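Undergrad: Sequence:
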Amino acid sequence: MKAHTLVNMPSVMDETCIHSEKQAAKFLGLSCRTLQNMRRDGGGPAFVKISDRRLGYTLSALRKWVASRSVRSTADATTRFGGAA
Numbered sequence: 001m002k003a004h005t006l007v008n009m010p011s012v013m014d015e016t017c018i019h020s021e022k023q024a025a026k027f028l029g030l031s032c033r034t035l036q037n038m039r040r041d042g043g044g045p046a047f048v049k050i051s052d053r054r055l056g057y058t059l060s061a062l063r064k065w066v067a068s069r070s071v072r073s074t075a076d077a078t079t080r081f082g083g084a085a
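Following UniProt numbering, the numbering of the sequence shown begins with 1 at its first residue and continues without gaps.
To be clear, the hints were calculated from the coordinates, so they are not data collected in a lab.
Quick caveat: nothing in here was measured; it's all calculated off a predicted structure.
Just so you know, not all the hints are guaranteed correct.
Ranges between beta-carbon positions, derived for each pair [what the hints assert, rightly or not]: (1) V66 x Q36: 16 to 26 Å; (2) S51 x S73: 34 to 44 Å; (3) E21 x A75: 14 to 24 Å; (4) N37 x V71: 31 to 41 Å; (5) D76 x S20: 30 to 40 Å; (6) L55 x G29: 12 to 22 Å; (7) D41 x T16: 19 to 29 Å.
With a straight-line Cα cutoff of 25 Å, these simulated DSS-like cross-link-like pairs (lysine-lysine) come out [claimed, not checked]: (8) K49 x K22; (9) K26 x K49; (10) K64 x K49; (11) K26 x K64; (12) K22 x K64.
Glycine included, C-beta positions come from ideal geometry on N, C-alpha and C.
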């Protein structure tokens, strides 16, 4: 049986199904380590703490985080994220 990924999950469950850190990192184009650092620092997407040792991400949370970081120009990006213009 083929493992499900964010791309081939049934669309009925996409937004609320909880995906692994590895799947979330792949969806965002990041490494798992980068996602862990973002989670530690509070700058990453919202996550679900399933147990003391397990966590996951909903597709809706990942999409919301990506949308919150979307800009139309480099000037918007440097102003919005505190960089030098």
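Undergrad: Checking against the hints above, which ones are violated?
TA: 3 and 4
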